[in-house]
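Visitor: Spelled out, the chains give:
There are 2 protein chains.
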Amino acid sequence: MIGNSVKQLILENEADFLIPDEKVAHVMDINPLNHAFLVLANVRYSKIPVLNKQGQFVGLIGLSDIVNAMFDVTSINADKLNDYYVKDFMETGVKTIQRPYDIEYLLHLMVDSAFVPVTNQDNYLEGIVTRREILKAVNHMAHSLESQYDVEKKELKEISRQYFG
Amino acid sequence: MIGNSVKQLILENEADFLIPDEKVAHVMDINPLNHAFLVLANVRYSKIPVLNKQGQFVGLIGLSDIVNAMFDVTSINADKLNDYYVKDFMETGVKTIQRPYDIEYLLHLMVDSAFVPVTNQDNYLEGIVTRREILKAVNHMAHSLESQYDVEKKELKEISRQYFG
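Residue numbers (UniProt numbering), protein chains in the order written: chain A, 1 to 165; chain B, 1 to 165.
Simulated from the structure, these hints should not be mistaken for lab results.
Heads up, some of the hints might be wrong.
[As the list claims (entries may be wrong)] Only part of the chain A face toward chain B is listed, based on derived beta-carbon distances under 8 Å:
id : residue
1  : S5
2  : F37
3  : M110
4  : R132
Here the structure is a predicted model, which means the values were calculated and not measured.
No residue lacks a Cβ here, since even glycine has one placed at the ideal position from N, Cα and C.
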């Protein structure tokens, strides 16, 4: 369990965690793969969210997924990107998070994901939380904890009580 | 400044931070770009280190750098990857870190980089530290701090002293 002092300091800038969906490039599951390739070539993220026709979050697609579709047995063939759709190569079963954030779960997901999609109860994408924002919050917490809190090792305190009352 | 309790807990598993260079795929600056493309298509990292002929660290190359080399004015042309070398498209001026780690500097670099190359004094690559390892260490710290330390808000303690002596 994460204690209150650490939790509060990490969540102090919680409002900055979300990169809202209108600022996050996405593609549709029914887009051809070469469209996704063009989009991914022009954004800074190596993966982006995939939405269905209703606008709901259904998965992620990354440059490396697409690149793998370009390989023939012996050569690289970009024309093959016209033959497939995003839904043929996207990653599904992606874990999402809802607001208000469960910071323990979010930090846990962040170990294995460059970003976590934030969805509402109907599975519409609200945005993403990236490792960058979380690491900024962790830095804030690490730098602030001992200026805002008295922190004393438990055993030492116990020993000190025994000897000095 | 990061206080000692936070620092010690983050560094408790410091030995696990480094992914040693023999486990990290890399390319040479004089390799053709299609070689780097094949390597990057087969690893889980979106960027990998670039070494010079002497084996020293000189930069990073990512799938997105290479993909940008594939664009003609109107089409995607994988053949262009034969015309260029890694050194034509790699990212240079990359910040590195040395051991023993300065944890404040490392956490600072991690905000903007998926991983930080670890070099020795002669600029040979010893390995990389990734956000994954750092986030694991941060999780350990966040979960352990209040079980190993007594943490008390400074103002509250002050108020309590004033009123209750």
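Visitor: Each of the hints needs a verdict: does it hold here or not?
Guide: Hints, verified against the model:
1. S5: holds (5 Å)
2. F37: holds (7 Å)
3. M110: holds (5 Å)
4. R132: Cβ of R132(A) sits 6 Å from chain B, so the hint holds.
Against the hints set out earlier in the document, no violation occurs for any number.
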